[in-house]
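Position chains U, D, Z, E, S, P and X with the ligands relative to chain C; hints supplied.
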Amino acid sequence: MSWKLVIGGVGGQGVISAGIVLAEAAVIHEGRYAVQSQSYGAEMRGGLSRTDVTISNSEVIYPKVDQAHVLVCLHRKALNAYTGVIRPGGLLITDSDEAPIRGRVDSRQFAIPFAATAREVSGSERNANICMLGALVAITRVVSREALTAALLDRFGTRDAVTAALDAGFRLGNEHAAAVAVRADAHEAGRHATSARM
Amino acid sequence: MSWKLVIGGVGGQGVISAGIVLAEAAVIHEGRYAVQSQSYGAEMRGGLSRTDVTISNSEVIYPKVDQAHVLVCLHRKALNAYTGVIRPGGLLITDSDEAPIRGRVDSRQFAIPFAATAREVSGSERNANICMLGALVAITRVVSREALTAALLDRFGTRDAVTAALDAGFRLGNEHAAAVAVRADAHEAGRHATSARM
Amino acid sequence: MSASGSTATGPRTVFVQGNEACAEAALYAGLSFFAGYPITPSSEIAEHLSRELPARGGRFIQMEDEISSMAAIIGASLTGSKVMTATSGPGFSLMQEALGFAIMAEIPCVVVDVMRGGPSTGLPTQGSQGDINQVRWGTHGDHSIIAITASTHQHLFEATVRGFNLAETYRTPVVVLFDEMLGHMRERLVIPEPGELPTVDRLRTSVPEGVDYHPYLTREDGRLPMSDFGGVHRYNVTGLYHDMWGFPSTDPAIVDDLAHHLHDKLELRADELASVRTYGMEDAEVVLVSYGSPARSARQVVHEARLNGQPLGLLELETLWPFPAGVVRRACRSVRAVIVVEMNMGQMLRHVKAAVDAPERVFLSNRVDGRFITPRDIRRVLRIVEGQGE
Amino acid sequence: MSASGSTATGPRTVFVQGNEACAEAALYAGLSFFAGYPITPSSEIAEHLSRELPARGGRFIQMEDEISSMAAIIGASLTGSKVMTATSGPGFSLMQEALGFAIMAEIPCVVVDVMRGGPSTGLPTQGSQGDINQVRWGTHGDHSIIAITASTHQHLFEATVRGFNLAETYRTPVVVLFDEMLGHMRERLVIPEPGELPTVDRLRTSVPEGVDYHPYLTREDGRLPMSDFGGVHRYNVTGLYHDMWGFPSTDPAIVDDLAHHLHDKLELRADELASVRTYGMEDAEVVLVSYGSPARSARQVVHEARLNGQPLGLLELETLWPFPAGVVRRACRSVRAVIVVEMNMGQMLRHVKAAVDAPERVFLSNRVDGRFITPRDIRRVLRIVEGQGE
Amino acid sequence: MARTAIKDIVINQEWCKRCGICSTFCPKDVFETDAEGTVTVAHPEACIACELCERMCPDLAIHLEYEPPAEAPA
Amino acid sequence: MARTAIKDIVINQEWCKRCGICSTFCPKDVFETDAEGTVTVAHPEACIACELCERMCPDLAIHLEYEPPAEAPA
Amino acid sequence: MKSIDSYLRTRFMPHIWCPGCGHGTVLNGLIRSVDAVGLNKNELVMVSGIGCSARIAGYLDFHTLHTLHGRALAFATGVKMSRPDLTILVPMGDGDALAIGGNHFIHAARRNIDITVIVLNNRIYGMTGGQFSPTSGCGIQATTAPYSSIDQPFDAVQLASAAGATFVARTTTYHVNELEQLLTRAIRHHGFSVVEVLSQCPTHFGRRNGHQETVEMLRHFKEGTAKVGSRQLAEQVDLIPRGVFVDEERPEYCDQYAEVIQRAQAARAGGAGGEEPQ
Amino acid sequence: MKSIDSYLRTRFMPHIWCPGCGHGTVLNGLIRSVDAVGLNKNELVMVSGIGCSARIAGYLDFHTLHTLHGRALAFATGVKMSRPDLTILVPMGDGDALAIGGNHFIHAARRNIDITVIVLNNRIYGMTGGQFSPTSGCGIQATTAPYSSIDQPFDAVQLASAAGATFVARTTTYHVNELEQLLTRAIRHHGFSVVEVLSQCPTHFGRRNGHQETVEMLRHFKEGTAKVGSRQLAEQVDLIPRGVFVDEERPEYCDQYAEVIQRAQAARAGGAGGEEPQ
Ligand SMILES: Cc1ncc(C[n+]2csc(CCOP(=O)(O)OP(=O)(O)O)c2C)c(N)n1
Ligand SMILES: Cc1ncc(C[n+]2csc(CCOP(=O)(O)OP(=O)(O)O)c2C)c(N)n1
Ligand code: SF4
Ligand code: SF4
Ligand code: SF4
Ligand code: SF4
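Residue numbers (this note's numbering), protein chains in the order written: chain C, 2 to 199; chain U, 2 to 199; chain D, 1478 to 1867; chain Z, 1478 to 1867; chain E, -14 to 59; chain S, -14 to 59; chain P, 5 to 282; chain X, 5 to 282.
Same shape as in the complex, but just chain C (with noise of 0.2 Å):
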């Protein structure tokens, strides 16, 4: 069982710290594999940055992302940049002030303010990552939420601030997941990712 995501965003947005820090959840605290890579543009700050991250029960073997199940973009110009990389019935995640989605019909789509929730919740735009490992986790359960706290404190030992972004995180992905799940098919979404054959 493997997941495959990429995060998207631009320089200073966190981005390739969210990507370790969830597969550090998987490999350090779930006992898991996973590959995490990434790529920058040419510039120094600012540019557009990615990263691919591949959680499994087994070793990866190929570790690049082709096909996500999972998209995130924090940013409009990583949504433009990397839609493509979805696969048919993937789900896409965006930050709904930063990216906002213009439909699309094969992927799953949650927009949630994670930059405005995580300036609300711990003053600062900068937690705006780590906000959406939580909703990210809470909607696909890719690693548990302890797995994620455990290695978010690791890292970033116990601050209010981020303990609030990752709180509020949380909570929204629950529930934009609830309310997808009402339209239906939602949470079997996440589910259906999950047992993609890789």
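Hints are computed from structural coordinates only; laboratory data are not their basis. Just so we're clear, the structure is a prediction, and the values are computed from it rather than from any experiment. Beta carbons: idealized from backbone N, C-alpha and C, even for Gly. Incorrect hints may have been included.
[What the hints assert, rightly or not] 35 Å max Cα-Cα, derived DSBU-like pairs, lysine-lysine:
1) K45/P / K(-8)/E
2) K6/P / K226/P
3) K13/S / K6/X
4) K6/X / K(-8)/S
5) K45/X / K6/X
6) K1742/Z / K1742/D
7) K1742/D / K1830/D
8) K(-8)/S / K226/X
9) K13/S / K(-8)/S
10) K45/X / K231/X
11) K13/E / K231/P
12) K13/E / K6/P
13) K231/X / K13/S
14) K(-8)/E / K6/P
15) K231/P / K6/P
16) K45/X / K(-8)/S
17) K1742/D / K231/X
18) K45/X / K226/X
19) K45/P / K1742/Z
20) K1742/Z / K1830/D
21) K226/X / K13/S
[Claimed, not checked] Output of the computed footprint for chain U on chain Z, the stretches with three or more beta carbons under 8 Å from beta carbons of chain U:
22) 1650 to 1662
23) 1776 to 1785
24) 1842 to 1853
Chains U, D, Z, E, S, P and X with the ligands alone, transformed into the frame defined by chain C:
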């Protein structure tokens, strides 16, 4: 018709420039072919020094001298190091003071006091190499006297000392050749060498 | 570097970049001196060691360039330290002269080349396998060299440790090669307990003080025991041809012996030095030959093909030099086709062709545009080779 | 340099070292800028040019090392000068990074490597042919390169002129290779009259000022016209992958095109670039393949064998890279045996083997002890190959 | 030290990277910065045309436009 | 500045390359040189043990041997 | 002046440098000084190495040669020697100029070849991600100095002067008018000229060393430096001096070489081989 | 002192240098100063590059490492860093130290690593046959300067000082007592020390420049130099100063690194990853 010669000595004796001048005489002043190469010891000055010269009426293919028609030694060290290079029936010319020959059968031998003569006629032992060239040419006719003289003048201009050393060399060469001729077979040896098929 | 199981001695599971895996392996193998100059995509090796070496009593120095980095590790090795430097293509080109010195003077050392796109400045942040032949032939003059690679962090760890072992065993530089992809990618790595992987210590002479020691006299088992600079044996080390005491010589017999020794001590041991991994090779009718990170794509293709019952196998090379010709020949004997999978213009292809019995049945699946080679890329070549078109 | 026939224009017969022959050829070809750093056995090239270049209005500079020498000639070439540097193994190793830049940026230039014994400092005053594979693979990343050699001063003169012509024609560095023996040996050389040998001038763009000029857009005939720095077209030159204006790009399609262009522009023209000389090849049953000064020993063997009626031939390669595989294959088709004669551990041997139909019939006659290979050495191998023992 | 009167202070928002140099070092507080760092010319009338903003800007994103010098009537 | 009396000035003729430094710079003209450059110790008695010859010799070919210091009678 | 844009390859703007990076300010000042000197773009060659600073070349509409890390001055020497009439500008990072490129730097200075070097000194390796450089100095945090650096720094001004540069100056990205003036003087100078510009790398130097933002770093340039000859400098020894340190006329290399050509041709015209120098 | 021979590998004597070559005199003086310092041969490592001067290493019965042209100091840095207790001596030719090796020279000086460099400056490339070097200066005849050289020379003392060397001195092969004293001080100095020794190459420099013989060249060293601080020097500006130019105590690199190790181990002992420096 190819002549293969080796001239040996120690650094500072002008062995290599002697080889070059001889070859230049053939190439520039007789329109023939020649190859000259050299080897030194590790010492910056005063180590063994050797030059190989091949002179021919047609293109020289193999450039080294493995078996020499003529070996010239201006120093004892060279004599010790290089005698093996003379082909059977070849010619050995040494400075009688610097490199006295101790009995060897299968080559015709000429021991001539080049350094002493050069000192005497030109005021400096440094011209021993020129004196040697004169004698070598007088004995072997490997190039013409005219060509050798012209090549020397090209290099050194008209200097009395040079001319004196050269003329003394010619004279010594003639004398020794004649003396050996008296010993019946000497001149033939020179001829013999020149007609060997290369 | 995040880790679980943080007892100092037990195995530790960590989630790290390939560069860090390589650096940790070096420490495991006994690295005590590193000199380097930053260059993408290898800099994390230096960065990791700048932190870890002093904490473990070792020494790190950032030199003024790659030439001096290579020189410094050679100097340090002579005092008895296990040493390493790390760079990428442009820096590796600059190291060639000093690398040749280490070969000639038989100094154990490890050089890591994290490959990016070349030639020249090329594609600094993208992976490639363009330096394969350079590793073999980059320095002037006849010589031989050991080069190893791997395709996963766990294997890279083992390969790096083996690299140090081989450097010590054969008194030679060993190049550890991998590409940007592996260097920057993070994955799970279990750092073994001390002792779990064998490590080879410097073989020091047992000749006592006052007795003539020959730094360049080969023992019957082919090894040349060393004596540390600062110890009781004072000898000479030079890049010139030299005698068994290390003093310059131009004696043709000595030169001939040394030239052959430097070449043969590795080339004649190609089989012994060969390290390969096989996947589905038992009854393979078509064989993929690959190495480094592209071997993962190849393995993915084999994995999927096997699920579909296709008789496809993968021969993954971990020893690149001396080229394991014997192993390749035997593995590819009587197969229908061989496809070399690599990220260059076919640098290993020619060696595989030279090794096998039917060179006309060897094909290439490659990529040189800076993107990582995908299973799809390989499958396409496979189809074409099988006459099934794109 | 002593000369006869000193009219300024007519052919001149001179008696010179190989190094001087090479330098004179460069001047003949239009050399106007030389940068170098002294090293045995190449220094006479720099010395000769330090005297001759200014006398003919050109420029000579002694740089601080070989890296800067290589860099300086690239800079000078961009202003429209024909340029050269000369070195030997250790210096050539140091030039590898900048050589790769010239390959990537497609800068015409000529690099002379007068080979001495390697690896490392090796045998500074003795000849070898140890750098053959280094020339092909010394710089990092995929690339191709032209390398030429010769065995007599007259041929070296012609080869060097051809080297400049090829550099201009293909916008690429050309390496002129020969060994210490040829470099230091003196022999007769007839310097041809101007015009007697063809010389290729820099192909300059005809695009007028104000119109978009593409320094990296290949014409239909495969050539890329240049525009001199200081002229009316301002463009960019870089060692990164770049677009047709010379600006950096990581676009996979652009990278892929350029990588293939750099490789194919020479490798696909291997036959066209091949220059060989044959001796007694018409009905040869055994073929010697050689290049550089050892080819003279081989020729001597053929010469003598033919006098005895033995059907021995010599294929002398003057183009080493791209390797003239087609020519070699055709020449060695249906012969009883091929003996490669070279002064290294068999660097060309492997390429000859890869080229011919029956690699098992290819043998090696070599020498790596610093001494020049003799006809006797070759004859011994010949006898063994023919089953006649030593 | 205005060479001539300022017509306009133009900020190229496409090039500006919001580093804050201009607004910090402007001696007359001509600029204003919003929460996201976007700089606007708030008080052009206070400008003394010292050109510091234009010269310090690392993104070449500020340009002072001057009134053409008053021409003498023909 | 003799530490003690000179016993001998030894020239290692095997090592000497006849550069003439010792004979030129000896302040007391202790050495003599023949036509071929061979240096001999001609006037040892004049030596003041300044050691210049020994220290300047590029071939380490000169050595001053000193008398052992007179020992106090036991 | 001509419009800034007329010197730029605007299609590549905005440039790739980080927000607040001082290298952009140097680009800004350089364009103004080139304009002040009044050079034609066809006469200008910019040669750079590798580093964030080296990227300057890409943005300027001159003849531009983006070379190898540390080697720009060697390439530039070749350009200048064969076209002495061209004006050569060489922007270099502190690593590029003084780490890997140190030798070419001192040798170009020694020759006094007419090239203008701008050392963009941000005391860090920007492009490769924040390793210390030979100008970082002791006590600096860098990715390869996690326990703070122990390397004594070079003083670029002293090194250039000792090596033989005939115009040597220093300024900062805060002192933009001085920057323009010094660059103008350097370009006009006939001989090897060096202008060291203290430049900020907020991304790697600032962030690791006291979390300094751009503006703080610029303030530090303002407060931590003083003009040579100023009273302030005399009183506060820890200030870094700014201004012109060397300004001499000495024979320029290409001029000297023109004389070599004359000597050589005179000797050749003189006839016989024997009269040529040996 | 112990006998000279006890420091020599006498089986290689007589050495390969030319008659009258100054390098032998330096070897002579060096042995005396090593003896004066009283070091054990097992504690001495000599690292040399390539050149006539580099051949010194072969004759001395120390641990000897004969490396690559120009790179000796980089090798030596590796030796010293991993065995700070050893004494490292690095003899270098002017080409070796200041042409191809210039960068390693200034960087080793900058780090103030405890190595003693002896620059055997004969103003020519001896080993390769008489090409000019970065110390030849203008107006010199050399095989690559047939019309006389136009290259401004480096002043090794100034360069070493500007780069950060903490002991810098100059003497000549004529001043043999001074030579021994300065070498002794340099070896004792804790930090990077440089002694430039003007040395004669009669074969290539002397012969081409006024056909000077060894003895004349030594006379020139005597007459053309004067002690720093001497009246003579003050009066005759064209004399080359001899003596000690820099003698400072500054933190030595290996000592500093020992502190890095302490800091690192303290941080590690301190426990949690969060407390380690970032
Ligand atoms: C031979 C070589 N070694 C190393 C590198 C990697 N590299 C690129 S730029 C750079 C240093 C950048 O620092 P600096 O020169 O100070 O310029 P900045 O980026 O700070 O402007 C390094 C080490 C390289 N490109 N080539
Ligand atoms: C990389 C490299 N380039 C060039 C050389 C050739 N080379 C050997 S020694 C030398 C210079 C010798 O001059 P110097 O260092 O002044 O020492 P000297 O021989 O005068 O004592 C040179 C250029 C080399 N060995 N290696
Ligand atoms: S100084 Fe030494 S080498 Fe020179 S002549 Fe005197 S003893 Fe001989
Ligand atoms: S010690 Fe002094 S006085 Fe005595 S021989 Fe030597 S140089 Fe002359
Ligand atoms: S990393 Fe530093 S030097 Fe590079 S662009 Fe960013 S701020 Fe500027
Ligand atoms: S060439 Fe010069 S430096 Fe070399 S040994 Fe001879 S005199 Fe000494």
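Verification of the supplied hints:
no.	hint	in the structure
1	K45/P / K(-8)/E	29 Å, holds
2	K6/P / K226/P	29 Å, holds
3	K13/S / K6/X	27 Å, holds
4	K6/X / K(-8)/S	18 Å, holds
5	K45/X / K6/X	12 Å, holds
6	K1742/Z / K1742/D	38 Å, violated
7	K1742/D / K1830/D	24 Å, holds
8	K(-8)/S / K226/X	30 Å, holds
9	K13/S / K(-8)/S	17 Å, holds
10	K45/X / K231/X	32 Å, holds
11	K13/E / K231/P	25 Å, holds
12	K13/E / K6/P	27 Å, holds
13	K231/X / K13/S	25 Å, holds
14	K(-8)/E / K6/P	18 Å, holds
15	K231/P / K6/P	30 Å, holds
16	K45/X / K(-8)/S	29 Å, holds
17	K1742/D / K231/X	57 Å, violated
18	K45/X / K226/X	33 Å, holds
19	K45/P / K1742/Z	33 Å, holds
20	K1742/Z / K1830/D	23 Å, holds
21	K226/X / K13/S	18 Å, holds
22	1650 to 1662	holds (count 3)
23	1776 to 1785	holds (count 3)
24	1842 to 1853	holds (count 4)
Hint compliance for this structure: hints 6 and 17 are not met, and every other hint is.
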